[in-house]
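Colleague: Letter by letter, the chains look like this.
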Amino acid sequence: MNFLLIFILIPMLMMVGLFFANNRKQINLITLSGSVLLLLSAIGLTFLYLHQRAIGNTAEMLFITDVPWYPAFNIHFLVGVDGISVIMLLLSSIIVFASVLVSWKIDTMPKEYFIWFSLLSAGAFGFFISLDLFTLFFFLEMSLVPKFLLIGIWGSGKKEYSAFKLALMVMGGSVLVLFGILGIYYFSGAESMNLLELAKHTIPLNIQYYLFVSSFVGFGIIGAMFPFHSWVPDGHSSAPTSVSMFLSGISMKLGAYGAFRVAIFLLPEAAHQLAWIFLILAAFSVFYGAFTALAQTDLKYINAYASISHCGLLFFAFLIFNETAITGAFLQMISHGLITALFFATIGMIYSRTHTRMINDMNGLMKVIPFIGVSFTIAGLASLGLPGFSGFIAEMTIFVGAFQETDLLHRVLTLIAATSIVITAVYILRVVGKVLFGTITNKHHLEFADATWWERVSVIVLVIAIAGLGSAPMLFSNMINDSLQPVLNNLMR
Amino acid sequence: MQYTLLILVLPLLAFVVLGLVDSRWKARTAGTIGTTVMGIVAILAYYTAWSYFTTANPGGVYQKFIPFQMEWMKFSDQLHIDLGILIDPISVMMLVVVSTVSLMVHIYSLRYMEGEKGFERYYAFLSLFSFSMLGLVVATNIFQMYIFWELVGVSSYLLIGFYYTKPEAVAASKKAFIITRFADLFFLIGIFLLSYYTRTFDFDVLNSGNATVFAGTAGLSFLGLSLMNWIMALIFIGGAGKSAMFPMHIWLPDAMEGPTPVSALIHAATMVVAGVYLVARLFPVYYFFAPEVLHGIAYIGIFTALFSAVIACTQTDIKRVLAYSTISQIGFMMVGLGVSGMGGHHGLGYMASMFHLFTHAMFKALLFLGAGSVIHAVHSNEMNKMGGLRKYLPVTHITFLIACLAIAGIPPFSGFFSKDEILSAAFEFNPYLGSLLIFIAGLTAFYMFRLYYGIFWTKEYKHEHIPHESPLAMLLPLIFLALVTVFAGFIPFGKFVTNDGADYHIHIDLVTASVSVAVAAVAIAISTIMYRKENKISDRIVSSFSVFFKIVVHKFYIDELYMFITKKIVFRLISAPIAWFDRTLVNGTINSFATVTQWTSLQIKGIQTGRVQQYAFVFLLSTLLIAALIIFI
Amino acid sequence: MGEFFSKLFSGTIPLEAYIVVSLIMFFSGIYGFLSRKSLLMILISIELILNSIDINFAVFNRYLYPGNMEGFFFALFTIAISACETAVAIAIVINIYRNLNNVEVDSMTELREPSANETEIKEVNE
Amino acid sequence: MEVHIVFYILSLIIAVFSVMAVTSGRLIRSATYLLFVLLATAGLYLILGYQYLFAVQTAVYAGGIMVLFIFAILLTQRPGGRITPESVKQRVFAIILSVAGAFFSGFIIISNIGRVSHLVDMKEIDSRHIGMTLMGTGKFQYLMPFEVISVLLLACIVGAIMIARKRS
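Chains as they are written, first to last, in the numbering used here: chain B, 102 to 594; chain S, 2 to 634; chain V, 2 to 127; chain H, 1387 to 1554.
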């Protein structure tokens, strides 16, 4: 039995278990033990992977399982991991663990909530381990429906609107992705949906153009690239806390990961030719998200736009096509995933106490809820790229990579993207200053209780992950680097 | 010299421990831990200095040591960030300065901050700051420097905003962070460009003076300036931001909202001279590859010195006066570096600048701590709430006076020696520059004594309760720093710190010295006449220059300009329109897809009226038509 | 002329004659179904239609397949079914009358979706 | 000869009263006209030699269904009240359609005249035969539909009562 299947099996078993659970205690036990197991398996997988590499296993993908699924179309259930997938799994399991803890005491229909949440995580995990285009698409779709329900039922504010918007836009993205995938399958002549197999075939350039645009835009919608980002602010702000964490921490990464694995890896020539268009969009996205965040007054909107800005940076880095920048992009993926999850977690905690997310309605919360306040500040500082936290490493790697390209377009776009460093500081400090500092003006706010133990555990796990990545980046960057070579070879052919 | 690693590790540990336990320990325990750690660090720093300066110059030239180095992050085969410790004359000198001032502030704060809420937090932040600043000065490469540069920035942010319930403090901390961050962006771009063309971050390689390192930039220029000039200018902007050079000086006076010991440590002695240290660190690169920028630094330095000295003459908040004086003195240091050459007598400016950095750190820390003592006694920052305090605060008074004399450049206090070297270097570079510098030195003497008289002489302010001298823990640092201020001038600084590592014997240029002392003496005299006793002279002068005075009091409206740029331009003209664009156009487009779909479906739905007769009609009609079609065609 | 009349009144009655009669009945029923508002009128129209079909069944059976009885029985069953239909329909009509106090088709709108011109397009937007 | 005359009279009755039944302004009159039509139809069956069908038509239609109609009309209409007139548009459309349909069908009938019109014999079907056919299970025998219809009738009776009963 393949180790990777654990990542799909555990959520599935959780769903079954939850289905038969009949009291709160059992639900809590199942969700907690499931998420802890996931986290442990991810850590275990990391070590297994490092061990395999250490004993000299240089295969491109490890732990491969290949089961024919629908032979008529050469569809296989094909999973396997390289360093990138391993760290994405690690990221996902950390976020799943943290978000389960944050929603630990959700009041309405906890059983159903966690069932859908498990399905959502199964989709994400499956996505990261699949090597077959169809399997990939299957898991991408699998994670879509739960989002719609989770936001539509357990959300707040304009939840129906947001749920519909998110589901429809992401579905639109999926359609484009599907178009790209089928195009790749038919035109490559590989008679296989296997990523590695497809990479060996060259698709005619004029067809690659269409397929690249289609699949990149499709994944761009899922990954919230300007101008396809408009589901992000509404979706994030309406979603319940843990779903917000999951959405921005993992779901948006599905888009970027897919764009890399499918669009860039399989269509390298078109990627080279068309990169400039998307490079401009991505650089603008960075700048745009940051400035928009500056004008927001809702905490979740601020973070949503910050996510757009940071994810724009990620696409920007991918499209530079050099090793350093792409390494940076993956570091940014993990880093942003963790930071934004921490952000949403703390915002959720604040919201559950104040029942408002408008920064103008809050003041001086640091005094009453110091733990949450400190966590929020840490999230802010990490987000603005303070050394010692992961954001710094990721941004620096990206920019070092970006500065390797000397032509005018890259230089100008890099400078535009780099301005976000300052703007990020401005909006983060504005929020921190308004919400946490100052004196409390609302008398009710004096009665708040600080974080409960499960909230603390969730925050601490995230902070440790952020600080760990920020202070020992080499481990992860080496894992990414190991796995980048095939892609780079493909890009340079 | 592996033990130097402890200098960094100990404060970091202290930060982590103090930060984690937060308020679970008694305040005093936290303070003691912090202070003890800092004491050990200071001892280690002194030991390092002693062993380095006594043993490391075989053949009369100081060697560089890298006792510790590890690869931290690898970008590509050539580019990687290392974390390490670089021991050379200036880093050792800075180690001494930072650890000394930090230790003094730690001791001083034990009583000054006593009873404050968040005492442990305060010490945690102080430790964090000490760690970052020490890491900054021993950085082996420019990227490590940037990392610690950011860390000092954030610890400064945290400490300025220590009184987080005070809106001014919060605003000031934000301002400080954002402005330095803005400058750091340029620094960072400079680093990226530099590293791209030189394929290294290492100071060792950069400072080797080897032109092949910079071969990548040869022949490249942009807007008429060579690329190296651009890069070094960008890097200098970063330094200028931290060192509060015009026009990025506005954060420093506001930063005085933080606790006074913090101002002494961060905003007078250590962090704000990081920019000077950066230029000194990269001096060979500036000198050989970007001389135009180096001269630019001199001009910016002198303009800032003049500008802030003028403002300092009009301020009434004693900490703000000191802040402007700090800016002005950093301007002096920048001038020293800007006019310097390489090696031997040409390197006088460099040596002088470092010397001034050293002495300034001591006497400015002393001034701030003294001001803190005064504030502690009268609970106000405003000069008009003081006056006649010399009777109540004798020790503070004496030490403050010593510091004033030192900054005014009166021999034999340390400031005289260091400032005099800068003046000589400036005269050699350009006599006009030198003269202007002497004038600024005179202004310095004037406003410092205005401050001194305003606090300790003039008419006595009626206090609600009689001010009393500060406790011993606060006085000890004052006395220690006063002693250093008195005697530091006699350190043969040229023996230790020069830009080529070789020995340089300081000799005092008598002409320059006498002129500057005379100017200072006259300035002090004028100040004495105007401010020692309460009189109308100053008011009369103010009223005769009322317009000019008003402009100066408002700090030349630079703050207002910044507010205009940020509020009006960034928020109103960029951010708000983009947000509007996002909500209406981008989002509107997406929504319009939905609206159009819904509209279409409603139109189609209109056919399904729900009227049976209509259905029957359509059904029959269609049947008829189809039948007709079948039959007739 | 006389020849025509004699033809009309001699020999067997042609099949078409019956069909024409049933045709008139059928289209009267159609007219009634389409034009009348009262549910009872519609029911009456339906009866007319059914009846005309019955005639057709019987006639075709008699003329074309006189040996068989399919048409005959079909007509028989149709009569039975129309009886059922009428019974249920009238029960419904009475029930509707109780609720709405009239029996017009247009007044029965309870279960109908409002049409486009009756409702404004709901703004999806905030 | 007599048969012809009877047929023409019956046809005339059917044609006229059908049209009147659907155009009349009063329900009770419509119902009456319908009754005439139904009876005339029964007459046609008689001409065709289907006495049994004639009996059923008379009993079920003209008897049972008409009674139902009249009850319904009496229950739902105020005495002497006219039903609200329909819109002209609706009528015009209905007329156009039905006339067009009639012409169309008529055209087909006319164009096919004479193809199938030979009546072989007109002899009456005896009731025994009908009974056997209805109850038999062999080919061309109708026990199954008969039973289905019976069940349907039962269901209709129950359903009609269920629907029409007053809810408390």
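Don't read these hints as lab results, they were simulated from the structure.
Everything numeric in this text was worked out from a predicted model, so none of it was measured.
Ideal Cβ placement from N, Cα and C applies to all residues, glycine included.
Careful, some of the hints might be misleading.
Some but not every residue of chain V turned toward chain S, in silico, with C-beta under 10 Å [said to hold, decoys possible]: (1) Lys-8; (2) Leu-9; (3) Ser-36; (4) Ile-93; (5) Ile-95; (6) Ile-97; (7) Tyr-98; (8) Arg-99; (9) Leu-101; (10) Asp-107; (11) Thr-110.
List of simulated lysine-lysine pairs, DSSO-like, C-alpha gap at most 30 Å [claimed, not checked]: (12) B/Lys-544 <-> S/Lys-551; (13) S/Lys-167 <-> S/Lys-606; (14) S/Lys-537 <-> B/Lys-259.
Colleague: So, for every hint listed, does it hold in this structure?
Modeller: Verification of the supplied hints:
no.: 1; hint: Lys-8; in the structure: violated (28 Å)
no.: 2; hint: Leu-9; in the structure: violated (28 Å)
no.: 3; hint: Ser-36; in the structure: holds (8 Å)
no.: 4; hint: Ile-93; in the structure: violated (13 Å)
no.: 5; hint: Ile-95; in the structure: violated (19 Å)
no.: 6; hint: Ile-97; in the structure: violated (13 Å)
no.: 7; hint: Tyr-98; in the structure: violated (18 Å)
no.: 8; hint: Arg-99; in the structure: violated (21 Å)
no.: 9; hint: Leu-101; in the structure: violated (16 Å)
no.: 10; hint: Asp-107; in the structure: holds (8 Å)
no.: 11; hint: Thr-110; in the structure: holds (7 Å)
no.: 12; hint: B/Lys-544 <-> S/Lys-551; in the structure: violated (42 Å)
no.: 13; hint: S/Lys-167 <-> S/Lys-606; in the structure: violated (61 Å)
no.: 14; hint: S/Lys-537 <-> B/Lys-259; in the structure: violated (68 Å)
When the structure is compared with the earlier hints, violations turn up for hints 1, 2, 4, 5, 6, 7, 8, 9, 12, 13, 14 and for no others.
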